[in-house]
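Q: Below are the chains, spelled out letter by letter.
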Amino acid sequence: MLDIKDLYAGIDGKEILKGLTLHVGVGEVHAIMGPNGSGKSTLANVLAGRPKYEVRSGSVLFQGKDLLTLPTEERSREGVFLAMQYPVEIPGVNNIYFLKAALNAVRKHRGEEELDAMEFLQLAREKMKLVELDEAFMSRGVNEGFSGGEKKRNEIFQMAVLDPKLAILDETDSGLDIDALRIVAQGVNALRSERHSVLVITHYQRLLRYLVPDFVHVLADGRIVKSGGKELAEELEQKGYEWVEREVASSNAEEVAAAK
Amino acid sequence: MSSVLDREIPLSAIEPENIDGEPERVRRIRAQAAERFNTLGWPTTRLEEWKYTSLAALASNDWKFDRKLPNDRTGTSPFGEKAAAELMFVNGMLYANRAALANEHPGIRIVPMREAMESESFAQHFARYADYEKHAMTALNTALWQDGAYIEIAPGTVVEGFIHVCSVSAPIKEHPVMTQQRNLIVAGRGSQITVVETFFGSGPYFTNTVTEIVAGEGAVVDHYKYENESLDAFHIGTVQIHQERSSNVTSRTIAIGGGLVRNEINAALAGEGASLSMEGIFVLSGRQHVDNHTVIDHVAPHCDSIELFKGVLDENARGIFDGRIIVEPDAVKTNSRQTNKNLLLSETAVIDSKPSLEIHNDDVKCNHGSTIGQLDEEALFYLRSRGISAEEARNLLVYAFASEIVERMKVAVVRETAAGALFLRMPGRIAEKLGRAEEVIN
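Residue numbers (our numbering), protein chains in the order written: chain A, 1 to 260; chain B, 1 to 442.
Note that these hints are calculated values from the structure, not bench results. Positions of the beta carbon are idealized from the N, C-alpha and C atoms, including for glycine. Incorrect hints may have been included.
Claimed, not checked - One side of the interface only, derived from the structure: several residues of chain B facing chain A at Cβ under 10 Å:
#1 Tyr52
#2 His302
#3 Asp304
#4 Leu308
#5 Gly373
#6 Asp376
#7 Tyr382
#8 Gly387
#9 Leu396
Unchecked claim - Which residues of chain B face chain A? A few of them, derived with a C-beta cut under 10 Å, are:
#10 Glu104
#11 His293
#12 Leu397
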């Protein structure tokens with residue numbers, strides 16, 4: 001599904017990802033954990049094509065296609081969805097109108113027929129229930145006046161409607177209370193299937209209790225320094241990121257010693 | 001332009017128009033106004049009020065009336081049959097009168113200005129508010145007006161739906177054609193009325209229009225000016241509002257078309273407790289130049305005014321918002337807010353924003369402000385990250401910026417037309433929405 005090879009990328013001339021390699025297979029759920037500043041959000045933004053992020057070298061293949069050469073909207077239409085860490089408020093752009101336009105752009109790209117207003121509303125209602133969003137939200141501006149938790153639930157709602165092949169959750173869990181966390185996990189679990197892959201980027205292990213990953217990776221200083229199963233998340237929670245950093249430092253020292 | 005015309009000094013010494021059977025008072029006013037225009041001359045950028053807009057290109061043309069209407073008068077209205085009553089003018093002359101049904105109501109009188117000149121109310125109000133002594137363009141209109149809409153609503157009468165005053169320009173002969181339209185709207189005590197003025201056309205022409213609105217005690221008036229002139233056209237227009245006690249006026253200006261446009265919207269809150277909402281949206285591209293000039297004069301105590309103008313400027317467009325709020329010494333407890341917000345879509349578009357307050361007593365609550373910004377990059381990315389194309393994302397955000405004003409428009413067909421025009425932001429498509437001049441007049 002997703003093949004990242006030796007990716008170097010950054011922003012404003014500052015290199016943040018330093019040789020990141022990651023393979024996400026079809027139907028797999030991967031969690032990427034790491035301390036602040038390790039490059040978690042940079043990875044999410046580079047994958048989604050946020051302007052100003054620069055890729056120096058390396059490659060990203062999504063279903064065999066070179067993702068990095070595609071404009072943002074093309075990536076979305078191909079099936080990449082980024083649930084943002086800080087969803088923006090766009091007053092004046094109606095939620096329902098926006099999402100219908102988005103879904104129809106995606107469907108058109110897939111060669112499917114566009115949904116009319118009635119069909120779309122039916123689908124939206126069904127997915128809204130999943131994330132326990134009130135229908136009244138839909139007639140408001142995009143994220144306008146939403147609380148933090150509502151914004152995150154709206155991201156998951158959009159994800160559910162657009163039905164992406166790869167969902168990237170960029171710290172979707174930050175700042176959520178336990179109820180909201182459960183709802184977000186519920187939304188993502190509903191998407192989980194043999195066809196869908198999920199990349200969960202998070203600082204904490206909390207979300208992973210509800211959204212059990214197949215693989216856990218630790219990101220430090222721009223690359224993946226440790227990978228394992230779901231138990232790695234628990235280990236991290238107990239020992240803290242310093243544990244990994246120490247391990248990395250000592251293995252680096254060994255490498256340096258071995259090279260000598 | 002031929003060399004013969006180059007040597008003329010066009011419209012520099014005007015003769016007043018004369019309509020057959022015109023009352024003495026109208027004739028006298030025309031003569032005075034002509035004299036004033038000949039004294040004042042065309043406004044120049046040396047005048048503070050015209051510093052951003054040069055009329056040199058307008059003044060150098062030899063504008064003439066086209067006094068011939070097309071033979072076929074079956075053209076349809078751009079708003080279909082949605083208006084409760086409609087007067088259509090082509091090149092300033094009455095082309096279609098669809099007001100008969102509304103006029104069956106004893107409290108409603110909607111007629112061409114030419115037919116209203118004998119009425120008492122006309123005599124009482126005509127040329128009382130739009131100042132032809134100081135303002136050259138108003139003087140020009142007052143001296144030369146051909147026709148227009150006269151709308152008089154009796155006290156206590158509520159007009160259902162909206163009245164449409166439609167002004168179409170299409171040069172029929174070769175010379176540059178001019179329109180001088182004059183409207184008078186008199187809403188009696190406690191009456192309620194909605195009037196929509198639309199302006200569109202094709203080719204080069206010059207429209208100079210003056211509308212006087214009198215809102216009687218407690219009257220509710222909703223006025224729209226929808227300017228979608230051809231991109232080769234000059235449009236100068238004044239809306240002059242006079243408000244009596246406890247009246248409630250909403251003025252909405254939509255400026256989308258025109259090559260060089262000057263919109264003057266002025267209001268005097270002359271009676272206690274009057275309230276005014278003055279809204280405007282201008283959406284420009286290419287080399288369009290639109291100058292919005294507003295004056296809100298708080299004369300009486302306890303009046304409220306809220307003013308909001310929003311501009312969207314793309315390519316090499318030039319926009320101006322020059323708004324002044326005056327609070328007279330007697331206008332205590334005035335509550336006034338003036339806002340101008342602008343969205344620049346290109347690096348070459350220019351906006352001059354000049355909000356100003358002139359307060360002559362200290363028992364008031366007034367504020368004003370203006371902003372100039374670009375499209376929010378974060379919002380653009382957000383929309384695109386959901387599969388929406390860059391172009392559509394831009395259009396959505398432009399619409400979002402303007403929607404605050406558009407969505408408040410109560411007349412559905414105007415709201416939808418404005419929304420469509422804003423979404424597409426392409427002159428051709430806008431004309432399509434409102435109706436092409438050629439189609440309307442065949």
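Q: Would you mind marking each hint as holding or not holding in the structure?
A: Now the hints, each set against the structure:
Proximity of B:Tyr52 to chain A is violated relative to the hint, the smallest CB-CB distance being about 28 Å (cut-off 10 Å). The closest approach between the C-beta of B:His302 and any C-beta of chain A is roughly 32 Å, which is over the 10 Å cut-off, so the hint fails. The beta carbon of B:Asp304 comes no nearer than 24 Å to any beta carbon in chain A, farther than 10 Å, and the hint placing it at the interface is violated. Restraint check, B:Leu308 versus chain A: the minimum CB separation of about 14 Å is more than 10 Å; hint violated.
Interface hint status for B:Gly373: violated, as the beta-carbon distance to the closest one in chain A is roughly 13 Å, over 10 Å. For B:Asp376, the interface hint holds, since its Cβ comes within 10 Å of a Cβ in chain A; the closest pair sits about 7 Å apart. At a threshold of 10 Å, the smallest CB-CB gap from B:Tyr382 to chain A is about 5 Å, leaving the interface hint in force. The beta carbon of B:Gly387 comes within 4 Å of a beta carbon in chain A, closer than 10 Å, and the hint placing it at the interface holds.
At about 5 Å, the closest approach between the beta carbon of B:Leu396 and any beta carbon in chain A falls short of 10 Å, and the interface hint on this residue holds. Below 10 Å, beta-carbon pairs count as interface contacts, and B:Glu104 has none with chain A, the closest being about 40 Å; its hint is therefore violated. Given hint, B:His293 at the interface with chain A, is violated; its Cβ is 27 Å from that chain's nearest Cβ, farther than 10 Å. Taking 10 Å as the C-beta cut-off, the interface hint given for B:Leu397 holds, the closest approach to chain A being about 7 Å.
The earlier numbered hints that this structure contradicts are 1, 2, 3, 4, 5, 10, 11.
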